[in-house]
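Colleague: Taken in sequence, the protein lines are chains A and B. Numbered per the numbering used here, the first sequence spans residues 1 to 314. Numbered per the numbering used here, the second sequence spans residues 1001 to 1213.
To be clear, the hints were calculated from the coordinates, so they are not data collected in a lab. Hints should not be assumed to be uniformly reliable.
What the hints assert, rightly or not - Cβ-to-Cβ under 7 Å is the rule here; a few derived chain B residues that face chain A:
#1 I1005
#2 P1164
#3 P1172
Quick caveat: nothing in here was measured; it's all calculated off a predicted structure. Each residue gets a CB set at the ideal place from its N, CA and C atoms; glycine is no exception.
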Amino acid sequence: MTATEHSLALFAGVVGVLVIASTIGLILKHRYAASGPNAVIENLNSRIKAWWVMVFAVGIAFLFGKAGVIALFGFASFASLREFITLTATRRADHRALAIAFFAVLPLQYYLIWIEWYGLYSIFIPVYAFLLLPIVAALRGDPTAFMPRVAEVQWGLMICVFCLSHVPALLTLGIPGYEGRHLLLIAFLVIVVQSSDVLQYVWGKLLGRRKIAPDLSPSKTLEGLVGGVLSATLVGTALWWITPFSPWQAGAMSLIVTLMGFFGGLVMSAIKRDRGVKDWGQMIEGHGGMLDRLDSVVFAAPIFFHLTRYWWAA
Amino acid sequence: MASLIDMVAATAVTGLARLVTGVRGNWLGCAPDPRVRIYFANHNSHGDFVLIWTVLPPALRRTTRPVAGADYWLANGLRRFFGESVFRAVLIDRIAEKRQEDPIAVMAAALDSGSSLILFPEGTRNTGQEPLLPFKTGLYHLAKARSSVELVPVWIENLNRVMPKGEVVPIPLLCTVTFGAPLCISDNEDKSAFLDRAREALLALRRDQEDGR
């Protein structure tokens, strides 16, 4: 099959899964309609509806190739950083540093990926932004809570911009024998990590008993974790044909990214708990904010990128 | 033609407000009904009424006008265009000695013609640490003059961080606009009691929206 045929087959598969999910959602809604409005089922249905929108947004971005994917993830970084900085305790003296973070660092990071300058995009935020932004903040002369303020802005950039930008950065890897098919590698990462989120939710709702971290996230259970990670690893293994990996390699990669995704969700829950909010925002109905949907991808993407680069890129 | 330009400008302004602040309207104490109302809100930034305006349904947006200082909005051509044509602000003279018309009469006339008003009873932008400044008396006099019009408290959260006074570039941060339960002036309520009650309603709304996050 050609890359286009692979993409079409994959897209048809994803749409097929959504059709099945929507049908189940509808059946549940009708079956429990008599017992009044059911919050869990309503939330399930709005989640499925949002999935349709997200799948089509990604599909349209893929049609525009590299430019589309960079624009999509650039916007996702913007929305995530906006949610992240909203929950930080920045002060007026941080205004200029924040303006630089949003309007210079973020676009520049995606521009460096566009021109495929690996040597700079992989250190630009950890080195240059890390040193420059505290200087800008210090020049405003307000020492109050200086270290937490600087750390919050830096971590926001790392999570929302640096880590997330490693998804489109997959397009810049030169993998022998995989030319012209890099979009499928992005599809693989996103499908495996997101299906792990969904399957953890499903297994957790069906069998979940033992809470893993009740103080951080009451919805994360051991049963959800094991069931979700194992079944998403199976999904990833079954998708080996769209990757440069063999089936067992695809399975190992899936296991790593789903575990990273789970722990990403846990870390981001700790931040939300500390700040006394349930969700990062309300951008995506049923899911919460952009970061609620992407926390797992954020933690999985750089690891997936570097493992692939180390073992498969020329 | 002029109205088309106004419409494009209005769409651009609300679109920009959404892009920067992702603003959400939270109708906690009332519904967005098409009736004449006075929305009174906390005031931190020139963008305040733009946010309120953005979260109003389009039909309400067309009949809701901000009350603003003439000295600011008539200062140059661009402000005049936005103040008069796009926002259709009810402009009042803030400097008492220069006044040609009674500001309460101007506002009451706007209500009588079927417009709702957006009012900032603190009178000026709050740039300090206090969440809310003491209210000026305008809200009381207007409520007295049109006692049947309901007053809706509106709490705007976070805009003071988006664009503090003196900064040029706005920082993208999520903002919320929370609408509380309407209140009306009672027949024999005196000035300070009414203003205290209105101010307390706004502060209570601030606590409610924090609990609701």
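Colleague: Taking the hints in turn, state whether each one holds.
Modeller: Checked hints:
1. For I1005/B, the interface hint is violated, since its Cβ never comes within 7 Å of a Cβ in chain A; the closest pair sits about 28 Å apart.
2. At its closest, the beta carbon of P1164/B sits 5 Å from a beta carbon of chain A; the interface hint therefore holds under the 7 Å criterion.
3. Against a cut-off of 7 Å between C-beta atoms, the interface hint on P1172/B holds, since the closest Cβ of chain A lies about 4 Å away.
In this structure, only the earlier hint numbered 1 is contradicted, and the remaining ones agree with it.
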